[in-house]
Amino acid sequence: MNVAVAKTGKGRAVSDLFTSAEGRLPGSPAITAVRREAFETYERLGLPHRRIEEWKYTDLRALVGEVLPLAAAPDAAALKRAAEAVKAHAIAGASKLVLVDGVFVANLSDVKALVAEAGFKTLREVLEKDAGLLKTASTDAMIALNAAMATDGVVLEIADGAKLSAPIQLIHIATSASASAFTRSQVAVGKGVHATIVETFVAAGAKAYQVNDAVIITVADEADVAHIRLMDDAPDAVNVSSHFVTVGANVKFSFFNMTTGAAVSRLQGFITLAGENSELSANGVNLLQKTEHGDTTLVVDHAVPNCVSREIFRAVIDDRAHSVFQGRIIVRPDAQKTDGKMMTRALLLSDEAEADNKPELEIFADDVSCGHGATAGALDDSLLFYLKARGLPEKQAQALLIQAFVGEAIEQIADEALREHVIGIAERWLERRQ
Amino acid sequence: MALLEVKDLKVRVEEREILHGLTLTVNEGEIHAIMGPNGSGKSTLSHVIAGKPGYEVTDGQILFRGEDLLEMSPDMRAAKGVFLAFQYPVEIPGVATMNFLRTALNAQRKARGEDEFSTPDFLKKVREVSKSLNIPQDMLKRGVNVGFSGGEKKRNEVLQMALFEPSLCILDEMDSGLDIDALRIAADGVNALHSPKRAMVVITHYQRLLNYIVPDIVHVMSKGRVVKSGGKELALELEASGYAQFEDAA
Chain X
0 MNVAVAKTGK GRAVSDLFTS AEGRLPGSPA ITAVRREAFE TYERLGLPHR RIEEWKYTDL
60 RALVGEVLPL AAAPDAAALK RAAEAVKAHA IAGASKLVLV DGVFVANLSD VKALVAEAGF
120 KTLREVLEKD AGLLKTASTD AMIALNAAMA TDGVVLEIAD GAKLSAPIQL IHIATSASAS
180 AFTRSQVAVG KGVHATIVET FVAAGAKAYQ VNDAVIITVA DEADVAHIRL MDDAPDAVNV
240 SSHFVTVGAN VKFSFFNMTT GAAVSRLQGF ITLAGENSEL SANGVNLLQK TEHGDTTLVV
300 DHAVPNCVSR EIFRAVIDDR AHSVFQGRII VRPDAQKTDG KMMTRALLLS DEAEADNKPE
360 LEIFADDVSC GHGATAGALD DSLLFYLKAR GLPEKQAQAL LIQAFVGEAI EQIADEALRE
420 HVIGIAERWL ERRQ
Chain R
0 MALLEVKDLK VRVEEREILH GLTLTVNEGE IHAIMGPNGS GKSTLSHVIA GKPGYEVTDG
60 QILFRGEDLL EMSPDMRAAK GVFLAFQYPV EIPGVATMNF LRTALNAQRK ARGEDEFSTP
120 DFLKKVREVS KSLNIPQDML KRGVNVGFSG GEKKRNEVLQ MALFEPSLCI LDEMDSGLDI
180 DALRIAADGV NALHSPKRAM VVITHYQRLL NYIVPDIVHV MSKGRVVKSG GKELALELEA
240 SGYAQFEDAA
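One line per chain: the protein sequences are X and R, in this order.
Numbering that gives the first Met the number 0 applies: residue 0 is where the first sequence begins, and numbers increase by one.
Numbering that gives the first Met the number 0 applies: residue 0 is where the second sequence begins, and numbers increase by one.
Check each hint, because a few of them may be wrong.
What the hints assert, rightly or not - The list that follows gives simulated cross-link-like pairs (lysine-lysine, DSS-like), each with its CA atoms no further than 30 Å apart:
1. K222(R) x K51(R)
2. K51(R) x K227(R)
3. K51(R) x K394(X)
4. K130(R) x K79(R)
5. K55(X) x K206(X)
6. K140(R) x K340(X)
7. K394(X) x K123(R)
8. K162(X) x K251(X)
9. K251(X) x K336(X)
10. K190(X) x K134(X)
11. K206(X) x K79(X)
12. K336(X) x K357(X)
13. K340(X) x K55(X)
14. K140(R) x K251(X)
15. K394(X) x K109(R)
16. K124(R) x K231(R)
17. K394(X) x K55(X)
18. K357(X) x K251(X)
19. K124(R) x K394(X)
20. K340(X) x K251(X)
21. K394(X) x K140(R)
22. K79(R) x K394(X)
23. K196(R) x K6(R)
24. K251(X) x K134(X)
What the hints contain is simulated information worked out from the structure, not anything from laboratory work.
Full structure from sequences and hints, please.
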């Protein structure tokens, strides 16, 4: 393998990572070549660092240092722990797809229903024939690494006109300590489809692990899709996830992300509005404590005229945690009548908490309405005193105000049961800081 | 034992002394009015009793049923039965009034070692009280005080007073920002809550409010002290002759 010299001492370990994993990576010889190429891209770039503009606030060389070896396939004990985690985190009534340490587990999943309803296959199956899924138009090192190393994932093809009876929940469970899981999934949503897709990231006894996930979503015309991602990984884990979403015409696409776990995390979403008269709602909440670092980066690309995008982001940052929000709205030259708005607010609960907000508008059309706002501040003392004077102890008063603060983003989830599920996770986060 | 005893209280805000040795005793069932010009320290007194941060007590004591109130956190004071009706109740967007009322009531009950209210019992109680105060149910679904008129905010304070059943109610400039009708509704609510076990301390700049809430004892404050106390006729005397006569006395 023609590998350039790694950029850091720690980066060098990565080539062993690939060679030692290669035998376990699914795909035909043609696909192996695609993986090698992706891996070479990664090796050339190394872990992203602060001199790379997009990663300025999330220097993975400093924060993570090295990529851990591929997790072993889960054994019986790991699967037992995973089964318990599924019970604890499953959304009532949802059809489940479960990935444990990067491996799809059929007997924890609702395979039959999803084959019928959503054309379900595993990534492993798809890669036997087609390498297309490993290709993404991106020069990002972590995405290249994901293409090189992805062991499994789910591939859904929801037929035109399908009205899914229940949400589809993709549950990622980590059971293995000091190891990495690489997953890649694709969801192709047909014309006029109504669907809700939830992703959940949790640990089942695992510590100090790393997750690198990629999701590719295409939404055909007239569809109505809600996509909710709930990342509640172990407090010492690393989670780097990348989304690529392409939205057709007359679509309603609503995305919500909540980060309540992981020592270091980054969600980077690239959403392209490629059909006219579509509405995008992309919202997020970061709840961070201790020394956690959580980065939400959203790039919304208005490629055609007459689309609306709304982004509401809230960060609650305690102790010495660090929240990053980067929101870029691109309006292409012929994307006239674009209406794009982005509002980000950070709530700092301690003097040492840190928030970086980086809104960017790149507007190349002249008849558009775009705006953004960003604020950062502490809890309002006068509100706190009012609540305390009514009998609420300090922490409970804070919790009520924090819930109200993140509420505006959570309220964007239309489904009441899902909203309650999300509020439940936020409440558990609040209990952890009592 | 007196319900509230303020003894020779001295309070500073930053470097400035606002209360210079204030003494006040309130017994169960009494209605006290504290009157005085702007800057005499009336609101400071109410804030210090409720435990608002930013005030430094340099001397004196506040006892509530003989217990040292200054040692207690604001929420503990509330649980013990101290209620401050704010001059300017704050707006809390995103916290539904109903959720707030229930959380507060149950927090107080929990602090006193009592059982929390069940949802049906709580709803029944809120409905009764809000009806008597002419508070529409949809107001309770909105964020706390968000978009409420001045009168609605004050009625919401009275609603809380009725729900929490405190033994000492301090009404800080309840009349500010209210027209005469709103004032009457709020005052009627307060009067309905007066009982032999519950004392009221009405802080006001104007005599007007005392036409609706009739005090047993009137105190005149000036320059951080109580300079005169008397019956309800003292309020009328003040209305006629103003506060100037007391400025020198202070």
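Distance restraint between K140(R) and K340(X), which requires alpha-carbon spacing of 30 Å or less: holds, 28 Å
Distance restraint between K140(R) and K251(X), which requires alpha-carbon spacing of 30 Å or less: holds, 29 Å
K79(R) paired with K394(X) [C-alpha distance capped at 30 Å]: holds, 19 Å
Straight-line alpha-carbon gap K162(X) to K251(X), limit 30 Å: Holds - the C-alpha atoms of K251(X) and K162(X) are around 14 Å apart, at most 30 Å.
Pair hint K222(R) and K51(R), alpha-carbon separation not exceeding 30 Å: holds, 20 Å
Holds or violated: K51(R) to K227(R), with C-alpha atoms at most 30 Å apart: Between K51(R) and K227(R) the Cα gap is close to 26 Å, so the pair holds against 30 Å.
Given pair status - K140(R), K394(X), alpha carbons within 30 Å: Between K394(X) and K140(R) the Cα gap is close to 24 Å, so the pair holds against 30 Å.
Holds or violated: K190(X) to K134(X), with C-alpha atoms at most 30 Å apart: holds, 24 Å
30 Å Cα cutoff - pair K51(R), K394(X): Within the cut-off at roughly 16 Å; holds.
Given pair status - K336(X), K251(X), alpha carbons within 30 Å: holds, 17 Å
Hint consistency between K357(X) and K251(X) [alpha-carbon to alpha-carbon, up to 30 Å]: holds, 26 Å
Holds or violated: K340(X) to K55(X), with C-alpha atoms at most 30 Å apart: Given pair K340(X), K55(X) holds - Cα atoms ~24 Å apart, limit 30 Å.
When the structure is compared with the earlier hints, violations turn up for hints 16 and 17 and for no others.
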